[in-house]
Amino acid sequence: MHETLGLTMPLLAKIWLPAAGDLRLVLPDLLLIATIVAILLAPLLSRRSLRVPGLLALLGAVVGALACWFVIGDVAASGSDLFGVAARDGSSGPAMLVADRVSLFFRMFLMVFLIVIVAMWMMTDGEREQNPHEFLTLLLASALGMSLMTSANHLLMVIVAIELASLPSYGLAGFDKFRRTAAEASVKYVVFGAATSGLMIYGASLLFGMFGTLHVPTLAARLATGGPGGPLLAVGLLAFFAGVGFKISAVPFHFWCPDVFEGASLPVATWLSVASKAAGLLLLLRMVFAFAGHAGGEYSQYVLPTISYGVGVFAILTCTFANFAAYRQTNIRRMLAYSSIAHAGYMLMAGAIVVRSSGYENAMSAVVAYLLIYMFMNLGAFMTLGLVAADTGEESMKSFAGLGWRDALTAAAMTVCLISLVGLPPLGGFYVKWWILAALGGAAREANMPFLWVLALVLALNTAVSLYYYARVVWQMYFVPPEHEKPLRAPGAGKALVVACALLLILTGTIWVRPLKSMADRYTSNMYTVSAARTDAGDGLAAAVRP
Amino acid sequence: MFEIGVEHYLFVSAFVFAMGILVMATKRNAIGILLGAELVLNAANINFVAFGRYRVGGLDGAIAAMFVIVLAAAEAAIALAIFLNFYNNYATIDVDQADTTRG
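Chains as they are written, first to last, in this note's numbering: chain A, 1 to 547; chain B, 548 to 650.
Just chain A, with the same shape it has in the complex (with noise of 0.2 Å):
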């Protein structure tokens, strides 16, 4: 016993000794971990106490955020290789997690995000939820596999990071077990599941095979360098795709989401629709520019645009497929659903622009402000469904009518969300939607790539089609005779969050822009790039252990 630890140690010191400069920007994920253990530990001492559990979880969540804020500032410039394993030559082989201010931005939006969510949870669900241990562990492992998705840098992280956040997904979206939507959009969500990660572990399987390596910058760069091309590589691409797609809702790849938005609690549906979309978009994005990254003869002749285009074509396909679905939606949860699949599409034209300049900061930063600002205006809707819900007991378009005059407020502030989602000015979503816009159209000019400019038409010709789903409920709300007059009964605390969306939107939207455009460059601006020292990173794990 002893002597094979006297060999293990070494030999495992060897191949992985974290040092404490990589732990420390990995903080927020290490206080995620302690809290779901925390909260698994919890009935021992607390004989299932109900609040306990949600407690332990927003604590968490806020020390979390806070950790996020003190760590920020430590991140390198251009970003830093987290956990590269040594080789044998003392050379570091190839790094699975990077840091850099988008990825712990991501968190700190992520952990915000979470204490609503929980805050949601404990109002509505959570006063009856017999196993809210087992609720929130599951919530909090779906939020750890999603802020490992934003710094993933190399395929088997990306896959155990998407899995991560999936398996969790497939459990809460079935919580209820007694409603048999909810059993229904669990099926649902786990059979697609399985089949799009096993298409992209398939993909990844073929990367390998071609490259080597499956380290993403090193991939790239032996791409560059004229790896193997043809037909094999676009398979394996776009197998790989379907995984990423599957997360982001991307057309072909959302059935999934109606399904599971209307199948699912309320606080599970909100927190589905920003914060999985997100972890996607920005491993997408990560991915992509890693690609951009490199230049050269064919493959800036060939497969750069090829990209370009696979990711534009998908986003088209995506937001305008999800607005015309939207248009034939009775029940608002579908709605908004289809609402946030098209959101999905918009935020995917910014993958498009792999042109190597300042193209992709800009496309980041203008994504990492949608991002905030969809997460403001969907909650607000989603919070407002939530109430109306409450008191009508249904969620159809019919529940709404005369909301206008059963409660001006909340009324209002549902106004503000629906317009600011379509991308109407004065209201932050407008402004979010043109720095898509100028980032597209700036990408296009430098690099002189039309495609480009289709698609900047196609998310102007989608916001006004889009502009008749979202104004059909403003019209209940105001034109359509309640029927009866009697006020919303909604808790007050909802009410309030809603207001406050709103209240931020209209903000966002007048004297906030420049403060928004501001903080969105700055946590973009030094993102992880990718350089020769990135690449050249030996042959991997083998290299650590190999004779």
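None of these hints come from the bench; they were simulated from the model. Because the structure is a prediction, the values reported are computed rather than measured. All C-beta atoms, glycine included, are put in the ideal place defined by N, C-alpha and C. Hints may be right or wrong, so weigh each one.
Said to hold, decoys possible - Just the calculated beta-carbon pair ranges, DEER-fashion:
hint	chain 1	residue 1	chain 2	residue 2	range
1	A	301	B	554	28 to 36 Å
2	A	438	B	551	52 to 60 Å
3	A	77	B	578	49 to 57 Å
Said to hold, decoys possible - If you want the footprint, here are the derived chain B segments under chain A, 3+ residues with CB under 8 Å:
hint	region
4	572-583
5	620-632
As the list claims (entries may be wrong) - Residues of chain B placed beyond 10 Å of chain A at every Cβ, according to the derived structure:
hint	residue
6	549
7	550
8	551
9	552
10	555
11	558
12	559
13	562
14	566
15	569
Keeping the supplied structure of chain A fixed, place chain B upon it in accordance with the hints.
Relative to chain A, chain B alone:
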């Protein structure tokens, strides 16, 4: 006497992958679909190990395959729990019966 090379493994893996896709597309039983997904994952594993052994060298491929095996087990565990829950509500695991939400 011929030498077994990477191509032979790739043929097997391509065959398993095609079977997996076919099973996922045609089966209506939820567990059948899960079996198809497992076949696809195993095809990926054959690829990882074969490429690792013949093309790349080192342990990268084998380690990746080990991770995928663990992920597949976790996925099967949660999928079976969800199917059981579906059965409790619908008394069937035919995915075509899951059609109360649509549109």
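Now the hints, each set against the structure:
The hinted window of 28 to 36 Å between residue 301/A and residue 554/B holds, with their beta carbons roughly 31 Å apart. For residue 438/A and residue 551/B, the hinted distance range of 52 to 60 Å is satisfied, since their beta carbons lie about 57 Å from each other. With their beta carbons about 52 Å apart, residue 77/A and residue 578/B fall inside the hinted range of 49 to 57 Å. Under the rule that three or more residues need a Cβ within less than 8 Å of chain A, the assignment of the region 572-583 of chain B holds, with 4 such residues.
Requiring three or more residues with a Cβ within less than 8 Å of a Cβ of chain A, the coverage given for the region 620-632 of chain B holds, as 8 such residues are present. Non-interface status of residue 549/B relative to chain A is upheld: no Cβ of that chain comes within 10 Å, the nearest being about 21 Å off. With a least beta-carbon separation of about 19 Å from chain A, residue 550/B lies farther than 10 Å from that chain, consistent with its non-interface assignment. At roughly 17 Å from the closest C-beta of chain A, the C-beta of residue 551/B stays outside 10 Å, upholding its exclusion from the interface.
Every C-beta of chain A lies more than 10 Å from that of residue 552/B, the closest at about 13 Å, which supports listing it as non-interface. Non-interface call for residue 555/B relative to chain A: holds, since the shortest CB-CB distance, roughly 14 Å, exceeds 10 Å. Taking the minimum C-beta to C-beta distance to chain A, about 13 Å, the non-interface status of residue 558/B holds against the 10 Å cut. The beta carbon of residue 559/B sits about 13 Å from the closest Cβ of chain A, which is more than 10 Å, so the claim that it is off the interface holds.
Here residue 562/B stays apart from chain A, with its beta-carbon at least about 13 Å from theirs, past the 10 Å limit. At roughly 12 Å, the least C-beta separation between residue 566/B and chain A is larger than 10 Å, which holds for a residue marked as non-interface. Taking the minimum C-beta to C-beta distance to chain A, about 12 Å, the non-interface status of residue 569/B holds against the 10 Å cut.
This entry satisfies every hint, going by the numbered hints stated previously.
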